[in-house]
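J.: Chain by chain, the residues run as shown.
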Amino acid sequence: MERKTALKRTSLYVSGTNPVNMIQAGFYNEDCMVFDLEDSVPATEKDAARLLVYHMIRDHRPAGKYILIRVNGIYSEWIDEDLEAAVRARPDAIRIPKVEYPEEVTMIAQKISRIEEEAGIEVGSTELWCNIESYMGVFNAYEIATASDRVVALALGAEDFTASMRSQRTKEGAEIFYARNAVLMACRKAGVEAVDAVFSDINDLEGLKRDTALTKNLGFDGKTVVHPRQIDVVNSFFTPSAKEIRYAKRVLEAVEEGKRQSKGAVTLDGSMIDKPMELRALTTLAQARAAGIPV
Amino acid sequence: MKNAVGRELPEQIGNYTVKPFAGTGKAQKVLPPVVSKRQPRLGPEDGKKLCESLQEAIRKTGLKDGMTISFHHSFREGDMIIGQVLTAIRALGIKGLRFAPSAVVNIKNPSIVDFVKDGTIDRIEASGIRGELGDAVIDGLMEQPVILRPHGARPRAIETGELQIDVAFIGASASDEYGNCTGQIGPNACGSLGYSFVDAANAAQVVIVTDNLVEYPCCPTSISQQYVDYVVVIDQIGDPAKIGAGAARMTKNPRDLMIASRAADAIAASRLFKDGFSFQTGAGAISIACTNYLAERMEERGIKASFALGGMTANIIEMFKKGLVRVLECSQSFDAVAARAIAEYPNILEIDNSVYSNPYTRGSMLDKLNFGVLGALEVDTDFNLNILTGMSGEMMGGLGGGPDVADGADISIVTIPVIRGRTPSIVPKVFTCCTPGDSVAMVVTEAGIALNPKHKYYDMLKEDLEAAGLKLVTIQYLCDLALSYTGIPKPIETTDKVVAVVEYRDGTVIDVIRQIKR
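Going line by line, the protein sequences match chains L and G. Numbering-wise (this note's numbering), the first sequence opens with residue 1 and increments by one. Numbering-wise (this note's numbering), the second sequence opens with residue 1 and increments by one.
None of these hints come from the bench; they were simulated from the model. A portion of the hints provided could be inaccurate.
What the hints assert, rightly or not - Here are the simulated BS3-like cross-link-like pairs (lysine-lysine), alpha carbons at most 30 angstroms apart as the crow flies:
1) L:K46 with G:K274
2) G:K471 with L:K216
3) L:K259 with L:K275
4) G:K462 with G:K321
5) L:K65 with G:K462
6) L:K263 with L:K216
Let's have the full structure, built from the sequences with the hints guiding it.
T.: Below, the structure is given as structure tokens:
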């Protein structure tokens with residue numbers, strides 16, 4: 001399946017229980033909106049949230065955003081109903097929490113295929129983001145990222161990960177440094193995007209800046225945010241440099257040239273340009289445009 | 001008959017004769033006969049102005065049934081004078097008064113409603129009413145309609161004799177025994193007394209009410225002894241916590257911050273944003289945030305303002321201290337920092353409300369204002385503003401200086417979220433028209449900025465804002481967007497009884513508010 005590129009600098013969680021926040025979130029500058037059915041929704045409100053999110057996306061889908069729904073856990077009592085509603089709501093992707101094994105992805109992907117078929121939706125069109133939130137998830141990150149064609153991104157979840165490791169969560173983040181790198185490497189190898197963990201203290205914008213600088217320098221494509229206040233800060237770090245923009249343009253020009261000459265494989269400066277490279281170049285230019293840089 | 005904004009008005013409402021609003025460019029240019037001028041006056045025979053009690057002062061003023069009394073609203077929700085004065089009047093058995101403060105603040109224990117119910121007050125003229133009194137009025141509490149005037153219209157009404165004040169009770173946080181007084185010092189400082197200047201100059205009798213008697217002469221003096229008949233000392237004139245204890249804090253609401261930042265961007269994008277520009281922002285949550293963003297833009301670009309106008313807040317004082325604004329023209333002080341700053345800095349000036357906003361002077365400062373940032377409860381697709389009534393028709397706010405600022409400033413900017421809770425703020429037709437759309441330059445929302453194509457600076461603003469890459473949308477788009485989320489609200493049903501008259505700056509009637517059908 002041909003995937004579209006979409007900016008993933010910021011993905012904002014919005015609770016499925018709060019219609020006002022759900023409407024409001026569409027007006028901020030986040031690239032991705034994650035309608036949440038999981039942690040922010042109390043057990044007694046799961047049905048209501050599922051309906052609200054379904055109707056919100058069907059009837060009031062915010063324009064120009066990449067839309068996700070985070071469903072409840074793979075082994076929870078709500079997962080099947082969540083998937084039924086989520087797939088039919090036609091988001092860009094479904095975000096699966098606490099993925100630890102590739103078999104889990106396969107199982108979810110099969111369920112989604114069945115629902116897509118029943119609902120008359122193109123099979124395979126619903127993308128998946130897998131939240132990596134435990135040492136086992138980190139351990140199996142590459143297998144998870146490649147378990148299904150639907151997987152387009154892995155997102156690190158630091159709170160549950162540190163709990164699984166029995167480590168202490170700190171603002172400096174030394175305890176997740178390895179996990180960040182491991183997930184990132186898996187993503188790069190699998191050709192999917194890497195989304196970094198939340199910076200939890202929404203009142204500490206200086207801390208957020210330090211943390212996001214690290215996120216960006218390590219090589220992540222974006223970061224999950226939990227409050228609208230964090231959006232503009234995080235976006236500002238994902239503005240590509242002039243050099244990156246130049247390189248991206250050269251990659252795309254080489255691809256175009258290859259197409260014109262009907263070449264199967266295209267090279268630039270002696271290296272092969274593969275599909276992930278092309279997608280990354282498109283993303284770089286999209287990031288530049290989003291930051292108001294003419295490209 | 002219909003007025004220029006299409007509102008259906010009766011020709012007569014009780015004793016009130018309606019002059020329909022004729023349009024912003026068509027303000028009544030003919031001046032009515034002038035009744036206000038300084039009269040030869042004498043002080044008290046015994047030379048003593050200081051009274052033992054409020055009752056004694058009221059007796060000495062000769063207040064009688066049916067007369068008109070006035071107050072200022074500078075103590076805001078912390079006002080303890082109005083309640084004490086009305087209680088003293090009631091004890092003297094005086095009835096049927098016209099109550100004409102510069103604005104009605106939402107006081108409790110006692111509530112104004114009690115004095116209406118027992119007949120002490122039978123008419124109200126102010127800039128707004130809300131809370132318990134607002135609810136009661138909208139339910140048809142009063143026989144005569146409440147007359148609501150924006151700040152700029154009140155001095156005109158007083159000076160033309162439409163609103164003749166018999167006794168003005170002026171609260172002051174410091175006064176001497178001869179009536180030199182101020183709001184700038186003392187434990188209950190409220191800052192500028194700008195709204196009382198016109199009362200002091202025109203009322204038949206003037207009573208200063210204070211809890212802080214200072215040595216003669218009181219310095220600084222805001223209202224001088226030449227206007228004052230009596231002085232009364234009471235235990236407490238206000239609750240400092242509610243007058244405005246500290247600096248108002250910056251909102252953390254991300255939506256409001258986004259709107260505020262966008263409004264500051266719109267100002268900064270305009271070609272009028274240059275050294276020597278002037279602004280008025282106000283005291284709402286979005287306004288305060290907008291002031292802060294504006295200060296950032298000024299610092300980034302190295303631009304300094306000549307003056308800021310109107311109600312002052314701590315963050316405007318901060319801008320002044322940084323040298324970003326040369327002069328603050330202060331008609332009202334919204335917090336304790338702003339209240340005390342007038343006495344501390346020579347370039348922070350206490351100004352008469354008439355100098356601020358009255359169109360019938362030889363020139364009000366609003367005429368010199370470049371940017372005015374306004375709030376509103378509703379905006380309609382003709383850019384008319386409702387700043388009085390909420391979605392179920394209840395009285396929510398006051399006119400304040402909103403209509404004046406919109407008309408006076410070169411560029412008036414309305415900051416408003418597209419929806420509030422479950423109700424739309426951008427609507428096809430406002431329930432109560434307070435500010436005519438022609439005077440509104442733009443509406444700034446979280447979903448984009450709508451420029452008013454009928455505004456005099458439309459072409460200039462369109463060019464400037466587009467060049468800055470700001471997101472421009474139409475007001476119809478914003479309205480459709482709001483209604484797509486909320487649905488179309490059921491119209492509010494009213495009876496034929498007019499409970500309030502909404503006057504425009506020139507004293508014409510821009511709208512009326514009818515009794516809500518329950």
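J.: Going straight from one Cα to the other, do L:K46 and G:K274 come out at no more than 30 angstroms?
T.: violated (54 angstroms)
J.: Hinted pair, alpha-carbon criterion (30 angstroms max): G:K471, L:K216. Please report holds or violated.
T.: holds (28 angstroms)
J.: Going straight from one Cα to the other, do L:K259 and L:K275 come out at no more than 30 angstroms?
T.: holds (13 angstroms)
J.: Holds or violated: are the alpha carbons of L:K263 and L:K216 at most 30 angstroms from each other?
T.: Given that 30 angstroms is the threshold and the Cα spacing comes to 34 angstroms, the pair is violated.
J.: Are the Cα atoms of L:K65 and G:K462 separated by 30 angstroms or less?
T.: holds (27 angstroms)
J.: Is it true that the CA of G:K462 sits at most 30 angstroms from the CA of G:K321?
T.: violated (34 angstroms)
In terms of the numbered hints stated before, the structure departs from hints 1, 4 and 6, listed from lowest to highest.
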